[in-house]
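Throw the hints in and build the complete structure from the sequences for me.
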Amino acid sequence: MRADQPMNDLSDREERPERPVEADGTAHLFRALGKQIKALREAADLHQKELAALLHVGEDLIGAIERGVRTPQPDLLERADVVLGARGVLRAAVPEVREALKRARTRHPDWFRDYAQAEAEALALHVYSVQAVHGLLQTEAHARSVFSHRRPVLDEATVEKRVADRLSRQVIFDKWPAPTFSFVLEEAILNRPIGGPDVHREQLRRILRIGSLRTVHLQVMPTSRTEHPAMEGSFNLLHPKGRQQVAYTETYNHARLITDPEEVRIYAERYGIIRAQALSPDESLALIEKKLGER
1 MRADQPMNDL
11 SDREERPERP
21 VEADGTAHLF
31 RALGKQIKAL
41 REAADLHQKE
51 LAALLHVGED
61 LIGAIERGVR
71 TPQPDLLERA
81 DVVLGARGVL
91 RAAVPEVREA
101 LKRARTRHPD
111 WFRDYAQAEA
121 EALALHVYSV
131 QAVHGLLQTE
141 AHARSVFSHR
151 RPVLDEATVE
161 KRVADRLSRQ
171 VIFDKWPAPT
181 FSFVLEEAIL
191 NRPIGGPDVH
201 REQLRRILRI
211 GSLRTVHLQV
221 MPTSRTEHPA
231 MEGSFNLLHP
241 KGRQQVAYTE
251 TYNHARLITD
261 PEEVRIYAER
271 YGIIRAQALS
281 PDESLALIEK
291 KLGER
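If you count the sequence shown from 1, position 92 lands on 92 in the numbering used here, and the numbers rise without skipping.
These aren't lab readings, by the way, just hints derived from the structure by calculation.
Where a beta carbon is used, it is the ideal one built from N, C-alpha and C, also for glycine.
Hints are not guaranteed to be accurate.
[Claimed, not checked] Just the calculated beta-carbon pair ranges, DEER-fashion:
| no. | residue 1 | residue 2 | range |
| --- | --- | --- | --- |
| 1 | Arg205 | Glu263 | 46 to 52 Å |
| 2 | Gly233 | Trp176 | 31 to 37 Å |
| 3 | Asn191 | Ala157 | 31 to 37 Å |
| 4 | Val153 | Ala43 | 39 to 45 Å |
[Unchecked claim] Straight-line alpha carbon distances no greater than 27 Å define the calculated DSSO-like cross-link-like pairs of lysine-lysine that follow:
| no. | residue 1 | residue 2 |
| --- | --- | --- |
| 5 | Lys49 | Lys35 |
| 6 | Lys35 | Lys175 |
| 7 | Lys49 | Lys38 |
This is the structure:
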């Protein structure tokens, strides 16, 4: 097996929707659950922030679930059933949600599916981003702006599907036991106001929130660093469940999921060096706060 054809063959053909947006019915399920949760929350006279605190999750997660663009995990439904006094209404949907999650890999374009599956099952994920906010860190508004400006232009239904698919990957932060996460972001990423000032501020706050999680180590590579060994571009390192560490690179939808041990070792070596050269996690969060004007 060649290093550039690991697992299933990752096609380099242009990204296209694999089927109509809701062909498997899961979008209907998650929208219906979101509406139920919202109705129960309002009946309990709770704001999203209050419900988030009771469920020990972020307020943005509750909002995204209520809009049907994030998947409510089974354990969250179990807790919400109790907190909202749903008397088993939410708990009854757990088997259907588990089945939908099993099919989640089919949501993504074929050239990305092998990576999406490996990411969802990863025991550890390490990310180096050069010029774009990684999909796991993006807000809904940021993701929509990114897909809306793709060329060739995507139709509205495809944009909404791509946004929902991207946000669906973010449930990985809700898993327990949690995978090990680390991110190294080039400072330039924090300066480009994709979507406009308001969307950008929301995106910076999202990065700050994720970087503050005790399961996450987030670092910024300051632009003032004159050089480092990963100037060729972004890459990810991940430990899929039951497999050796792999590396992943992507350029204009040309994806490589790299399994060759020697090549993976080189990427791991580069990542270790750039983590040493980047700002510490505390310094990085302080820099983001400064850019937000909050420090």
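Hint-by-hint comparison with the structure:
1. For the pair Arg205 and Glu263, the supplied restraint of 46 to 52 Å is violated, since their beta-carbon distance comes to about 37 Å.
2. A hinted range of 31 to 37 Å holds for the C-beta pair Gly233 and Trp176, which are about 33 Å apart.
3. Checked against the hint of 31 to 37 Å, the pair Asn191 and Ala157 passes, with Cβ atoms roughly 32 Å apart.
4. At roughly 42 Å, the beta-carbon separation of Val153 and Ala43 lies within the given 39 to 45 Å, and the hint holds.
5. In summary, the hint linking Lys49 to Lys35 is supported, as the alpha carbons are separated by about 17 Å, within the 27 Å threshold.
6. For the hint pairing Lys35 with Lys175, the CA-to-CA distance comes to about 23 Å; that is within 27 Å, so the pair holds.
7. Between Lys49 and Lys38 the alpha-carbon distance is near 12 Å, which keeps this suggested pair within the 27 Å criterion.
Of the hints listed earlier, the one the structure fails to meet is number 1.
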